[in-house]
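Residue strings, one per chain:
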Amino acid sequence: MTTTDTIAAVKTTSTPSATSKTAGTVGSLKDFSSQSSGVRLVDITKVFPTPEGTGETIAVNNVNLDVEDGELVTLLGPSGCGKTTTLRMVSGFEYPSAGHIYIGNRDVANVPPNKRGIAMVFQSYALFPHMSIWENVAYGLRTRKLPKEEVIARTDKVLKLMDIAQYQRRFPNQLSGGQQQRVALARAVVIEPAVLLFDEPLSNLDAKLRERMRDELRSLQQRLGITSIYVTHDQAEAMAISDRVVIMKDGNLVQAGSPEDIYEYPTSTFVANFIGKANFVTATFVRKDGPAAIVRVPGEDVELVIPKPGKIEFKEGARCCLAFRPEHVALSRSGQGFPGQVTRATYFGDMVEYVVETKTASLTIEVNNPQISERFAVGDMVHAALDMDCVRLLADDAPVVE
Amino acid sequence: MSSVAVSALEPGIAPDRSPGKKVSSKTGMKSLNRLVRQPILLITVLSVFVLLFIFVVLPMFNVIKIAFSDENGFTWDYLIKGLSKPVYQRTFLRSIILGVIVAFTSTAVGYLFAFATTRTEMKGKKFFNIMATLPIISPPFVVSLSIIFLFGRQGLITRGLLGIKDANVYGLPGLVVVQTMSFFPVAYMTLRGILMSLDDSVEDAAFSMGASRGRIFRTVTLPLTMPGIISALLLVFIQSMEDFSNPAVIGGGFSTLSVDAYRIINGMNDMNMGCMLAIMLLAPTVCAYLLQKYWMRKKSFVTVSGKPTQARRKLHEKHIVYPLFAGCCFFTGVIILLYGTVLMGAFVQTWGVNYVLTLKHFSYVLTLGAGVIKNSVILAAVAAPIGGFLGMVIAYLTVRQRFPGRRLMEIASMLMFAIPGIVSCIGYVATFNTKPLLLTGTAVILVATFTFRNIPVAIESGTSTLLQIDTSIDEAATISGAGTWYSFRTITLPMLRNAFLSGLTYSFVRAMTAVSAVILLISPHWNLATTKVFALFEASQFSDAAAYVVIMIVIILAAMGIINLLVNLLLKPRAKAPSAEAVEAALQAQGSSK
Chain A
1 MTTTDTIAAV KTTSTPSATS KTAGTVGSLK DFSSQSSGVR LVDITKVFPT PEGTGETIAV
61 NNVNLDVEDG ELVTLLGPSG CGKTTTLRMV SGFEYPSAGH IYIGNRDVAN VPPNKRGIAM
121 VFQSYALFPH MSIWENVAYG LRTRKLPKEE VIARTDKVLK LMDIAQYQRR FPNQLSGGQQ
181 QRVALARAVV IEPAVLLFDE PLSNLDAKLR ERMRDELRSL QQRLGITSIY VTHDQAEAMA
241 ISDRVVIMKD GNLVQAGSPE DIYEYPTSTF VANFIGKANF VTATFVRKDG PAAIVRVPGE
301 DVELVIPKPG KIEFKEGARC CLAFRPEHVA LSRSGQGFPG QVTRATYFGD MVEYVVETKT
361 ASLTIEVNNP QISERFAVGD MVHAALDMDC VRLLADDAPV VE
Chain B
1 MSSVAVSALE PGIAPDRSPG KKVSSKTGMK SLNRLVRQPI LLITVLSVFV LLFIFVVLPM
61 FNVIKIAFSD ENGFTWDYLI KGLSKPVYQR TFLRSIILGV IVAFTSTAVG YLFAFATTRT
121 EMKGKKFFNI MATLPIISPP FVVSLSIIFL FGRQGLITRG LLGIKDANVY GLPGLVVVQT
181 MSFFPVAYMT LRGILMSLDD SVEDAAFSMG ASRGRIFRTV TLPLTMPGII SALLLVFIQS
241 MEDFSNPAVI GGGFSTLSVD AYRIINGMND MNMGCMLAIM LLAPTVCAYL LQKYWMRKKS
301 FVTVSGKPTQ ARRKLHEKHI VYPLFAGCCF FTGVIILLYG TVLMGAFVQT WGVNYVLTLK
361 HFSYVLTLGA GVIKNSVILA AVAAPIGGFL GMVIAYLTVR QRFPGRRLME IASMLMFAIP
421 GIVSCIGYVA TFNTKPLLLT GTAVILVATF TFRNIPVAIE SGTSTLLQID TSIDEAATIS
481 GAGTWYSFRT ITLPMLRNAF LSGLTYSFVR AMTAVSAVIL LISPHWNLAT TKVFALFEAS
541 QFSDAAAYVV IMIVIILAAM GIINLLVNLL LKPRAKAPSA EAVEAALQAQ GSSK
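Quick mapping for you: the protein sequence lines, in order, are chains A and B.
Numbers 1 to 402, taken from my numbering, label the letters of the first sequence in order.
Numbers 1 to 594, taken from my numbering, label the letters of the second sequence in order.
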């Protein structure tokens, strides 16, 4: 397996920086990932009875996913897409209606959650309110009936790693949100889990703290190298922390790939619209020209050449959809592109967002740095020129415009 | 790099939403399998079911069986008798009439206190709160006793002040007063909860739109508290119907079902008719209980919106507060008078004749009655922790675990709440006087009756606490490696501390004060203080009864203090962490072992 080699390499390269920071007292951070292993979901399906008890709904539909050792994979999707159910099946709190889950090479179908050797950080942190911070963190070790010295030593190591050792005699309600978050993480990491599961762990924090904890969490995960599955509905969070993003919708796995991959090459209008903003213009596929595609936009009397249309194949004459980001359009008063009229201009400080009505579509366009770029007013006639390198061709399935 | 296998997913093609034919929510891990995998859980669930069957379901079944059978087997005779004989008809009707009257009077008094203590800026709200909850923990007979002291033949007021020679306090009016003073706290507690959860901003909104205070009360407050009022009415109705001690000693010629059922079994030895009367008593109380459950489920339209962001100015207009204050003072005064009278009655030579202070009643009680008081305390002290613990276990099982028959367990464990004491008493007599369940005359039957009659309250408080605790806390324990028992012991039970405490206290108090539930179960060897007091009533030894009651009050208050102390001592969370030296030593030990 070449992949494991690369992961191992990543681990060794990531540890020196960590050990240098916490050298001496703490020992090797590699210990924390000693039990870490990959996770494999094979044809996982989960069916729930409806609340009325009359029928059944499919919460997760035939999902396959392979998480490598040491990787952080994010399950991203709108609420009700099945991401939390998937996570809970890995944790063992839900049992799949069909399919298999492997942690390492072990099929965990018959392993209850408390025997899976995994850890979870909960949305509400779920700290034990009647226990001190020390007891909270040591809990997993004490359930394992480890010798007292080992419990104390390992707990101490994690408390120092998380920088919460000074609070060990406090109760959870005496800590701030960020500190509670660290305790929750410490409690999860201390058992040296095979997999670390995160169930929207940052959604209870305010925006500024959320960003800070997000970065902290990412750097920690990279230093420790524990396999992680992270559930969130916040696409910015997913982009920021993931090795790989898995997008789910209505129980289906829609697309999976690196953050760059997902943003730059969405394979469906849903993904394009869910990750960032996107414009969609309906077109007719004319023909292929090497890697490029040539399309015709009805109503506009031009053939467009799209150099990097993406991977989807179309028949000649088929309907398709041009997808491009608001920042991939340049506006000018005269010149190239689709002619149209500004119907809305919203000032955000770092950019201005325009809505331009062309003959065939309503485009959202972002112009950066409004202090030095040209400004337009509502009612102005403009031309919207696409950056053709950034346009993708997607199946035309009428995306929902909000 | 990407090793993700995207299944069933060609872009733009709607994925197949129907999984393979065999897959359904039933496949995979079933709850039963899950139970089998956890032997401790399985054993616990099974034992709870067995206990509930033996001590709750079986006695009730036997009551019904006996009521519908004679030597020749099944018969409608007793039902026909019960419904057609004027004497039974009258008893049934009287019980209902009494229940309805007391329900309304108690709810009215309870509403007065609840409204005054939650909705106004009145002085002494805390004091009124204490006074209005006090009767709940008091032994039975207190109110009856002081009513007799005050208004009886030798009554301080009737004879002493008004000079009436043969005042008759026995009968419906006396009963209404006694039961109202005994049961209005039930209504008060229910209504207080509802009124406190009512967001006062709705009243402020009505006020800002120009409504008068009276109009607001009529159009906003009263309708919003209606579920609470109905619930209080039903709860008091149940209490009044099942009340045994007050009608038994102060009812006089006014017979009620619970007393008649007892007299028929105890005096006439007619078990079948007694069971039929028990069923005639059971039917309305169970109906009222179910109705109450139904109403409280609908209480969700009460505007609960968490904590108010700022303290609002409550009702302070003099013309509103003063009459409410006067009302509270009046009833508080009555309570103080009632308890004071009993206290005094325990210390005087002969009530109505000779008011010289004496300790002779106490010495009488302590020489002749030390045994029964000891019995009461021991049995209550044994039953209370069992009931408290069992209550927590059942609450945990029904709220947090999934297993077949969970709803059944919930219903069976709460059933006893709706069953009048005398009915369960008859059921126990019928069930436990033959082998293999021969328990009559033992302490076990008394402990069992205390335990199972009092768990509903422990379960209720445990359940409501558990429902407020996020499930993820349990899951966090599980994922950390804790098994069911370890997680229950280290996480659930400590967090249920307050619920456990209130369950424990309630169980103890109820066990100390039970009359009707044990009246047929006591034996010469295991006699109890309450039944002894009842016997003293029958013999008109009121001052001796008063001494008993005073001692019981002292014991109950002391026990509450001790329970509180114990639970705090044993279960209070302490912020624990090893000392710096311990950490150092552990690190060294670890370092050397590696």
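Hints in this document: simulated from the structure, not taken from any laboratory.
There's no promise every hint is true.
Distance condition first, Cα-Cα at most 20 Å in a straight line; then the derived PhoX-like pairs of lysine-lysine [to be verified]: (1) B:K576 <-> A:K148; (2) B:K314 <-> A:K145; (3) B:K435 <-> B:K65; (4) B:K125 <-> B:K314; (5) B:K123 <-> B:K314; (6) A:K160 <-> B:K165.
Pairwise CB distance ranges, derived in the manner of DEER restraints [claimed, not checked]: (7) B:S84 <-> A:P51: 44 to 50 Å; (8) A:K115 <-> B:A585: 28 to 34 Å; (9) A:P51 <-> B:L557: 43 to 49 Å; (10) B:L570 <-> A:S219: 42 to 48 Å.
The C-beta atom is built at its ideal place from N, Cα and C for all residues, glycine as well.
Status of each hint after checking the structure:
Annotation: proposed proximity of B:K576 to A:K148 holds, straight-line Cα distance about 14 Å (limit 20 Å). Using a Cα cut-off of 20 Å, the hinted pair B:K314 and A:K145 is violated, with the two alpha carbons roughly 55 Å apart. Restraint check: the Cα-Cα separation between B:K435 and B:K65 comes to about 18 Å, which is no more than 20 Å; the hinted pair holds. Straight-line distance between C-alpha atoms of B:K125 and B:K314 comes to about 13 Å, which keeps the hinted pair within the 20 Å bound.
With a CA separation close to 12 Å, the supplied pair B:K123 and B:K314 stays within the 20 Å bound. Proposed proximity of A:K160 and B:K165 is contradicted: the alpha carbons are some 85 Å apart, above 20 Å. About 49 Å separates the C-beta atoms of B:S84 and A:P51, a value consistent with the hinted range of 44 to 50 Å. A beta carbon spacing of about 31 Å between A:K115 and B:A585 agrees with the range 28 to 34 Å that was offered as a hint.
Against the hinted window of 43 to 49 Å, the Cβ-Cβ separation of A:P51 and B:L557 comes to about 48 Å, which satisfies the hint. Checked against the given bound of 42 to 48 Å, the beta carbons of B:L570 and A:S219, roughly 43 Å apart, stay inside it.
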